[in-house]
Amino acid sequence: MQRFLPLTHGSITLRGLKKKDHRVLRELLLADRAWLSPWEASTPGIRYPIDTKWMVKSLLDQAKRGTGLALVMEFNGEVVGQLNVANILYGSVSSGTIGYWIARKAAGNSIVPISVAMTIDYLMSDGGLHRVEIDIRPENEASLRVVEKLGLREEGLKQRYIHIDGAWRDHRIFAITSEEISGSMLSRVRNAKPQ
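FYI, the numbering for the sequence shown is 1 to 195, going by the numbering used here.
No wet-lab data here; the hints were simulated from the structure.
Just so you know, nobody snuck in bad clues.
Distance condition first, Cα-Cα at most 16 Å in a straight line; then the derived EDC-like pairs of lysine to aspartate or glutamate:
hint	residue 1	residue 2
1	LYS158	ASP135
2	LYS105	GLU74
3	LYS53	GLU27
4	LYS20	GLU78
5	LYS20	GLU74
6	LYS20	ASP61
7	LYS105	ASP32
8	LYS19	ASP51
9	LYS105	GLU27
10	LYS158	GLU133
11	LYS19	ASP61
12	LYS158	GLU139
13	LYS18	GLU74
14	LYS18	ASP61
15	LYS20	ASP51
16	LYS105	GLU78
Can you build the whole structure from these sequences, using the hints too?
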């Protein structure tokens, strides 16, 4: 994947993750531990040690190999969350999977839907992907609203798919292909009716 350039819409900026971001990400994750833990991936047998230095290194390694895209979401110049594209494949598959989290203090400002829309637009144009997927826990109402605003179609259920908050959790699968987008994903969010 080409080098990611910062993308901006109003007060929202998506930029590439940097090594030094591990500090602010750790602060955000610790501050919102109770709010994020029902949705954040965990490691079986380990109870919530936040090693953001390792996490950032791992995400940057994936980006270097071209199998991932590691981003931070900024609101009014302040880091408020993270958005990653994992499992990037090219050739006959040409797809990737988006995951994200946002600090509680920044939730409700359309940061996630706009960031996801800008990312999908980038992946489908500059990134050369054909399909993008988002997997969401059935209980995660906020993320379900994101895919609803974006108009992603539901494809099914992955049972016991990701280890989250101490157990293997089911995830609903949502996806979109380049043929399903007329205009841009960002225009879909701007035109979405308020919830």
